[in-house]
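Colleague: Residue numbers (the numbering used here), protein chains in the order written: chain A, 63 to 170; chain B, 6 to 84; chain C, 24 to 142; chain D, 100 to 331.
No wet-lab data here; the hints were simulated from the structure.
Hints should not be assumed to be uniformly reliable.
[To be verified] Label pairs and their calculated CB-CB ranges: (1) Arg147(A) / Ile295(D): 48 to 54 Å; (2) Arg204(D) / Tyr154(A): 31 to 37 Å; (3) Ile107(D) / Ile67(C): 19 to 25 Å; (4) Lys161(A) / Gly110(D): 56 to 62 Å; (5) Ile107(D) / Thr81(C): 43 to 49 Å; (6) Ser119(D) / Met31(B): 22 to 28 Å; (7) Pro287(D) / Ile137(C): 57 to 63 Å; (8) Leu129(A) / Gln122(D): 48 to 54 Å; (9) Arg135(C) / Met88(A): 39 to 45 Å; (10) Ile107(D) / Tyr154(A): 48 to 54 Å; (11) Ile132(D) / Met31(B): 22 to 28 Å.
[As the list claims (entries may be wrong)] These stretches of chain D come out as covered by chain B in the derived footprint (C-beta under 8 Å, 3 or more residues): (12) 104 to 115; (13) 129 to 138; (14) 223 to 231.
Note that the Cβ used here is the ideal one computed from N, Cα and C, for glycine as well.
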Amino acid sequence: MEIFGMILIGIGAAFLLIGSIGIYRMPDVYNRIQAGTKCTTLGSFLTIIGVGVVQPDWFWKTLIIALFVLVSNPVSSHALGRASRKKRISLYDKSVVDKTDEFTGQQK
Amino acid sequence: MEIIAGILVLLMIASAIAAASFQDLMNAVIASCIVSLLAALLFYLLQAPDVAMAEAAIGAALVTGIFVIAVKRTKRFEE
Amino acid sequence: MNFLSEYTYYIGAFSLIIIGLYIILVKKNLMKVIIGFSIFDTGIYLFLIAVGYLREGTAPVFSKPGLDAGKMVDPVPQALVLTAIVIGVAVLALAVILAIKIYAHYGTLNLRKIKEQRW
Amino acid sequence: MRKLISIILLGMVATGLFMSISQIPFGEPGERIGDHFINQGVNETGATNIVAAVVVSYRGFDTLGEVSVLFTAAMGLGAVIGLVRRKKTHTPIEPASLIVYTGCRFLFPVILLVGTYIVIHGHLTPGGGFQGGAVIASAFLLMYLGCRGKRIRENLSRGLESLGGLLFILLGVTGLVIGRDFLFSFLPEGEAGNLISAGIIPLIYMAVGLKVGSELTGIIDHLIEDTDELPE
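Only chain A is shown next, with the shape it has when bound in the complex (with noise of 0.2 Å):
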């Protein structure tokens, strides 16, 4: 059981470390949150399941903690990402489709 906790908390910690890797290497804002957000919670999910794994007594508390993240991580990747685009930063040169004005045109 313990073997299979420290298992998770590797891989959390290594898509942790890919999430980093990813928003160092990528070239705009956008592509930057998504990289955050998409590793950054699977590996903070894994790493606080793997946590309560180990430590039988604290699952539960760990479990609510793990939701609790699973919740707020994309909504407030999201509030990000929407203000960044409100704010018209401009996407990367090579990026190849932008639907903003489709999805927003109808409230303008």
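Could you slot chains B, C and D onto chain A? The hints should help.
Modeller: Same frame as chain A, now just chains B, C and D:
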């Protein structure tokens, strides 16, 4: 544990210097928020969980919110 | 080197206090000065907590039986800092709202340009 | 010139601070006022969290003073805001997107619950009135930012705040009424470690939590209301 504390202290000093030197006030506010968060971690390492809780809730959320509202209300850039 | 590893927390608190004082004394922008006050506060809290620390001590909470009371860190600085943090945020909000009012009145946050604030 | 004077002054302060700090030993056991609190705190107050015992019981009178400082700061803030009554120009506030709105609506009761838990369990685990009040206020900050337009009534926050202060003072005066000291713990201490124990410490912490939470919420409410009326 001492190495972790040393890294945290170094990061905290770097954030404080960044808060002092940024011209954009919003960046300075975020840097001071990072100072508070790292201070909360150091409080936890110093076996003071009560203070760590208060510092994390206030330094990270409330103070930053107050400063962001104030910066939005006044000028954003330091002249 | 021994000094550095021994006094890590003191060095952090000391640096925060000095940086905060530097911002308060040198910077011209009023909002920056208030940020400096906040950093200065954090340094003082860190210093007080570090003074009360006991090496390899535990937190002053009897969470499970069998904890040794002699190995607990000092609770008095923690209680002091706890109330000081909450009061600090209220005073900070008061300072911020005064800065907003000053901006609404003078149209600037530059302390050199506000006549009554010159030193 | 001014910068030079400042830096010289700063150097002097830094030297003095460094000389005094390097004399203080770090982590060494010594003569501490806290030894009595740690050794006798559980027997005397019944609270397993010694910090809570110190804040509420041993230094309860100071805490009352500190709470009144908080009240004075909030009152001064309200007075300064009311000083200049600008005319209401309703700038349209753009509503948050549906995802943010739903997320905040979902997270708000959860954070409020956590804050209440921290307040109620203050005498058993790390936490208490000040921390829980701050968490509750941050929940309201989230609601103000995420769901623009929703707002608690000002009378409600002011009433809760007054209720908290009044409760604190009433609990203190009750000790005087029954012939003992101010803030005397007149309830039985119970068994240390249970939820209902430690005399009046949980009650006072609840009063403090109510007061701090509504106080900080009121401060944020004032600031945001002032911002929304910005004449563009």
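Colleague: So, against the hints stated earlier in the document, which numbers end up violated here?
Modeller: Of the numbered hints given earlier, those the structure breaks are 6, 11, 12 and 13, listed in rising order.
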